[in-house]
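**Student:** Sequence:
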Amino acid sequence: MQNQGSLGPTTVAELLQTMQQERATGTLSLASNGSQCSMHFLFGHLFHAVGGSAEGEPAVIDALSWHDGEFSFNPRAKLPPEETINSSTEDLLAVWRNGTGRQAGVGAPEVSVTVAAAPTPASSSDADDEPGSDDADWLDTVASAEIPAVAPALQTPAPPVPSLERAFAAPRPKVAAASSNASTKPEVASPSWSPSRQQAPAAVERTRPTGSSRPSTPSPSSGGSPSAAPRPVAGSSRSQLSLVIPMPVGTPLHSGLKASFLNFPMLLRTLTQDGFSGYVSIAGEKDSRNVGHILFRDGAVIQAQQRSAGSYRRHKAALQEVVRGVAAGEGLIDAIELAPALVESVSGLIVANTVFLQLPSRIVDFDALVEYVGELPLTGGILVTSGQDQVSVVLLSEGQAKGSYSVLSPELTEGPGIAAAACAEREARIDVVAAPPGTLQAMDLGEFG
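Quick note: the sequence shown, position 393, residue 393 per our numbering, numbers continuous.
Honestly, the hints are just simulated from the structure, not real lab data. Take these hints with a grain of salt, some might be off.
[Stated by the list, open to error] Straight-line distance between alpha carbons at most 27 Å, and here's what the computed BS3-like set of lysine-lysine pairs gives:
no.: 1; residue 1: Lys258; residue 2: Lys78
no.: 2; residue 1: Lys316; residue 2: Lys258
no.: 3; residue 1: Lys286; residue 2: Lys258
no.: 4; residue 1: Lys286; residue 2: Lys78
no.: 5; residue 1: Lys286; residue 2: Lys316
With the sequences and hints as input, model every part of the structure.
**Tutor:** Given below as structure tokens:
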């Protein structure tokens, strides 16, 4: 079915169900006998509607009774900041059926609407800023008014996880609130984004074998055993690397959403409410070298990175800059689903400490290096930089290479092969990094408006 058509063969109830099933983002416009109604969707969630003198749920209930007319869907319409609907599509249909005395099967048929999607922007990487720096109060850059809460989470089944990600799928660490009576999973109820709310941040627990701590890499010159005290070598420092960690490919929810028409705070709330695991990517429209990533695990924001104008930021400072840029209408936005444990592995690389730094690939036996790292064992990654913004990654879990990918080949493949191939370039450099131990603290979105 096209993005426009006639009411009658297709009912308004069927259109609403299809918007939810397709997780559509955009505006559905309806016209019938001189009456009009506009319904606005974000990832299939109907959050605002206007029709005649009514708005919100009354406007939707009224439009559900239309038997003829025309409809059109615009996936690139500018989304309004208002949020007037707090009920799910199923609840709205139930209210309408009960109020009109219609048979229960009116809205049951399911049709498929092809929703046009913008092309996926290319991402790139590199640069330097310290994580954990104090964040200024930048809430007024997003909105001056308090944003209302969104509707309950959608019941759309999650798309399948790519087969290679099964290595990262179990066990799943829990997202736990700091208070003793908090749930072990982010609340599905609508979160408050009021700056006055002081909610304790959540934490994502890293899974470690019992009775085993992670030893760090000893210096080759020390002649120490794998259990020797950690000592970075080859000119390395304990500070994080100043390069953008590339993201592996996953299942796209939406691609190429323009920041100028997207309600970004609502997007973050919706993903949180849905228990989303994956990342939101923001690429500059004017300069593709400007890039940002916000990483989610089970609905909690656990990490962020951002680069612009030669500066690289992590964690809260990165999220701050991302929101500032989107609020100014700059950027193309993708939302990509990943296995939760894979998200945690990539997140650890963003704040990892260096063990070996800038080893020239032409004097390193890469296979021997991978074998040596496996004897430690080390959780983190091997990063190969083979040119400007060309970074390849080997993800390590307790010394084992879980998979590799790169900017140019983002599909996660088994073993270290993709990064090994990048070492063939004469000027390539190799970094070995160790993810920080312990719990990974989630960012409290209540701090950010």
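**Student:** Now tell me, hint by hint, if it's right for this structure.
**Tutor:** Outcome of the hint check:
Between Lys258 and Lys78, the direct Cα distance comes to roughly 9 Å. Compliance with the 27 Å bound is thereby established for this hinted pair. Between Lys316 and Lys258 the alpha-carbon distance is near 23 Å, which keeps this suggested pair within the 27 Å criterion. For the hint pairing Lys286 with Lys258, the CA-to-CA distance comes to about 12 Å; that is within 27 Å, so the pair holds. For the proposed pair Lys286 and Lys78, the alpha carbon gap of about 20 Å is at most 27 Å, so the pair holds.
Using a Cα cut-off of 27 Å, the hinted pair Lys286 and Lys316 holds, with the two alpha carbons roughly 24 Å apart.
Violation of the numbered hints given earlier is absent; every hint is satisfied by the structure.
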